[in-house]
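Peer 1: Numbering-wise, my numbering comes out as the position in the sequence shown, counting from 1, plus 163.
Have a look at the derived ranges for each label pair, beta carbon to beta carbon: (1) 200 <-> 173: 39 to 47 Å; (2) 193 <-> 229: 49 to 57 Å; (3) 197 <-> 235: 51 to 59 Å; (4) 202 <-> 235: 44 to 52 Å; (5) 224 <-> 193: 41 to 49 Å; (6) 248 <-> 220: 36 to 44 Å.
Don't read these hints as lab results, they were simulated from the structure.
This one's a predicted model, so the numbers in the text were calculated from it and none came from an experiment.
Ideal Cβ positions, reconstructed from N, Cα and C, are used throughout, including at glycine.
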Amino acid sequence: MTTLNVSEGYVAFPRRLSLAIAISFALALVSQTAGLSWYAAKLDSRIAELEQADRRLAARGDERFHAILMRIEVLERDRDRLARLEERVTTATELLREIRQEVRRR
Numbered sequence: 164m165t166t167l168n169v170s171e172g173y174v175a176f177p178r179r180l181s182l183a184i185a186i187s188f189a190l191a192l193v194s195q196t197a198g199l200s201w202y203a204a205k206l207d208s209r210i211a212e213l214e215q216a217d218r219r220l221a222a223r224g225d226e227r228f229h230a231i232l233m234r235i236e237v238l239e240r241d242r243d244r245l246a247r248l249e250e251r252v253t254t255a256t257e258l259l260r261e262i263r264q265e266v267r268r269r
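Produce the complete structure using the sequences and hints provided.
Peer 2: Quick look at the structure:
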């Protein structure tokens, strides 16, 4: 029980109260430490998940970039083929004109 001595200006608490305060302080400290540890582990887990997702996206982006490069190479080869075919068609057309002219002359 508390002893209130107003004339001397202090309040005396029983000895068990200081032990209860010390225990409650220790429990609060332990619970806060456990809570912070749990929260830190949760953040580490989320960071690891985000890093894994980032690696997956980077790999997917690299695959897409490689596919685009391969498509560009194919298109460049096709463009070169078309240029050669155009030259051949032009040459063949000129030869046909010359043949027609020869046939008309006879």
